[in-house]
Amino acid sequence: MELDLGTLADLFARSFSLWWVIIPGIALGLAVGVLPGFSPQNTLIILLPVTLAMDIEAALAFMIALYCANHLSGGIPAILVNIPGSGGAAATTIDGYQMTKNGQAQQALVLSFVASVVGGLITSVAVLAILPWLAQLGLILRSVEMVVIILFGLTLIAVLAAKDMLKGLIGGAFGLMLGAIGTDQVYSTPRATFGFLELYDGLPLVPVLIGLFAVSECLVMLEEKFSPKAIPSKAQRPQWADTLDGLRMSLKYWWQIVWTGFLGLVIGVIPGAGAYIASFVAYQQSRLFSKTPEKYGTGFPPGVIAPESANNGVTSGTLVPTMAIGIPGGSTAAVMLIVLQYQGITVGPRLFQDNPNVAYGVFVMMTVAYILMIPLILPLARYASKVVTVPVHIIVPLILGLTVVGAFADREYIFDMALALVFGVIGYIAVKTNYHVTSILIGVLLGPIFERYLLRALRIGQGDIMVLFSSPIANVLWGLLVISVVYPLWRERRLARAAAP
Amino acid sequence: MDGPGKARKPVGQELIIPALAVGFTLYYFWTVQELAWEAKANGVVIGLLLFGLVAILLVRLGVRVARGEASLRVTLGGDWETDRVRLGLIGLMVAFLVALPFLGTTITLALMLFAGMWLLGGRHWPTLIGVSVITPLFVWATLIVGLGTRFPVGPFEQAMAALLGLGD
Chain A
321 MELDLGTLAD LFARSFSLWW VIIPGIALGL AVGVLPGFSP QNTLIILLPV TLAMDIEAAL
381 AFMIALYCAN HLSGGIPAIL VNIPGSGGAA ATTIDGYQMT KNGQAQQALV LSFVASVVGG
441 LITSVAVLAI LPWLAQLGLI LRSVEMVVII LFGLTLIAVL AAKDMLKGLI GGAFGLMLGA
501 IGTDQVYSTP RATFGFLELY DGLPLVPVLI GLFAVSECLV MLEEKFSPKA IPSKAQRPQW
561 ADTLDGLRMS LKYWWQIVWT GFLGLVIGVI PGAGAYIASF VAYQQSRLFS KTPEKYGTGF
621 PPGVIAPESA NNGVTSGTLV PTMAIGIPGG STAAVMLIVL QYQGITVGPR LFQDNPNVAY
681 GVFVMMTVAY ILMIPLILPL ARYASKVVTV PVHIIVPLIL GLTVVGAFAD REYIFDMALA
741 LVFGVIGYIA VKTNYHVTSI LIGVLLGPIF ERYLLRALRI GQGDIMVLFS SPIANVLWGL
801 LVISVVYPLW RERRLARAAA P
Chain B
527 MDGPGKARKP VGQELIIPAL AVGFTLYYFW TVQELAWEAK ANGVVIGLLL FGLVAILLVR
587 LGVRVARGEA SLRVTLGGDW ETDRVRLGLI GLMVAFLVAL PFLGTTITLA LMLFAGMWLL
647 GGRHWPTLIG VSVITPLFVW ATLIVGLGTR FPVGPFEQAM AALLGLGD
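Protein sequence lines correspond, in order, to chains A and B. Residue 321 is where the first sequence starts when you use the working numbering, and the numbers rise one by one after that. Residue 527 is where the second sequence starts when you use the working numbering, and the numbers rise one by one after that.
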């Protein structure tokens, strides 16, 4: 599994020569990622006949470019119109949209792009160096440890609820209850499905995401008159100076990009752990270690950087168990696995002996895709930020029409479009009564995964709850979790005491 | 503290989400009562926690109402004109979903966009027609023809498929 410099240089040269498939892959990934409901795996499945017809290297380069660009572009609507393009970009709305409201849409987009590209780039390079060791992580971290990792994400509910803890926790608990809809993990008996077969697989995430964010935001926009008059004049005249300002901010917070990217990588390596777990955990941890946690939620640059960098760190992490042990780290990786198997390539430990060019080539292609993305996306920030200047009477019907259409695309049920509308009304009421919609979403997203791992752990421990404290790694994680919950409370109390006369 | 003449702040709207949450949780409990513990343990624990949180909220609001600081009147803060447009928009989306299986994605989306912009006060005809024609055509060309997503088809999609020789 050793990789010498000569082979590496050769892999880079071959990957750069595949620019003709990487650039269309990036363009398609960017376009598809902006629309909620159009996931990279669905796009890759639709394009399967095309990729199967290509030679293996070109097919992999195309799929990887599309996948990485898709993870990047989910942050664009999250920042501009408070509508995450994917679950992984949901945490970006918290500070990203606030920056747009503060007249810093272009800077927020640049922050998101730089964090995504650099986060993805450094983690894919790191994977090349430490792949053999990293691959073991997917085997070491099991359901017991996953329970604690997901709890890290769930603690963000309490963080978001800082202004009104009670309402935030009610919103989060409501989300967790909604996440329990569908058949149970052990016996597959339906729970709270209202008799709809469409809910047997659980609450579909895309319509919930679209409803809570897009539809509710449209209903709020009518009231707030978020028209050009309401937007600071600076946002109406996008300038290169704002792009440079965003780059300056990115440089200032370079360390945030690095460590949250690696956090995303580690979470991505764990099979089944998705980008949304990584982005929520990264946001929560970034706020925890910040000297100014009170600035989060007000349009603070690290609040955009952390989830976006982690979201893209996941892209390389997801492919580690796929290539090294043959277990797809996510649904997109599973589609890539199909293409590899069709081409007669067996993934797993032997891949590094039998086909090192493919095994390491995947991560080199990812690095090259991120490098080629830089000149393509930075100018995009200037022009994409113009979206906020579109008048309300045009943007609201457009968002409603396109996102509700997006709600259909994922599972192809009209039921999902209706569900998006229902959640839109719930989201609107939540916004107007100060129940944080992100708290509800975190519950819906992480609830089913938490239940799955918790039940798995309990079954391993034959129902004994102490199984959750049976592994040294889990115990260390429990310790860190307690610290991450207690420390902010202790710090706030200390600050309040210091501020008191 | 509020003076005797000061209007009481309406807080009834703060109970809408808790009411939905409690209602849903009760329904959940009803559906899982016969199931094995593994199938309901997670939901029951969270549900009980939710009941506890809502009870605390009720006490908090009850104290404010008892002190005369708040009333249980419900308002979402919008003026009647905006609420009327908002309800119209929700009605329009419901009509969009009802018409979709009959008219197909392209025509329904075009009608929805035109009506939506009109409802929100758009009166510039070139913009109204341009947006409501170009957007559905873009959706049809990219998502239905290009990506092959199986959106509901209607007269337009069928006519174009026949004209251009596109498969189903």
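What the hints contain is simulated information worked out from the structure, not anything from laboratory work. Bear in mind the structure is a predicted one, so any value in this text is a computation, not a measurement. Do not rely on the hints blindly, as some may be mistaken.
Unchecked claim - Heads up, simulated DSBU-like pairs for lysine-lysine below, C-alpha to C-alpha not over 35 Å straight-line: (1) Lys572(A) / Lys535(B); (2) Lys706(A) / Lys535(B); (3) Lys611(A) / Lys572(A); (4) Lys706(A) / Lys421(A); (5) Lys535(B) / Lys752(A); (6) Lys421(A) / Lys611(A); (7) Lys706(A) / Lys572(A); (8) Lys615(A) / Lys752(A); (9) Lys706(A) / Lys752(A).
Do the hints match the structure? See the list:
no., hint, result
1, Lys572(A) / Lys535(B), "violated (44 Å)"
2, Lys706(A) / Lys535(B), "violated (39 Å)"
3, Lys611(A) / Lys572(A), "holds (15 Å)"
4, Lys706(A) / Lys421(A), "holds (13 Å)"
5, Lys535(B) / Lys752(A), "holds (15 Å)"
6, Lys421(A) / Lys611(A), "holds (24 Å)"
7, Lys706(A) / Lys572(A), "holds (25 Å)"
8, Lys615(A) / Lys752(A), "holds (22 Å)"
9, Lys706(A) / Lys752(A), "holds (27 Å)"
Of the hints listed earlier, those the structure fails to meet are numbers 1 and 2, in rising order.
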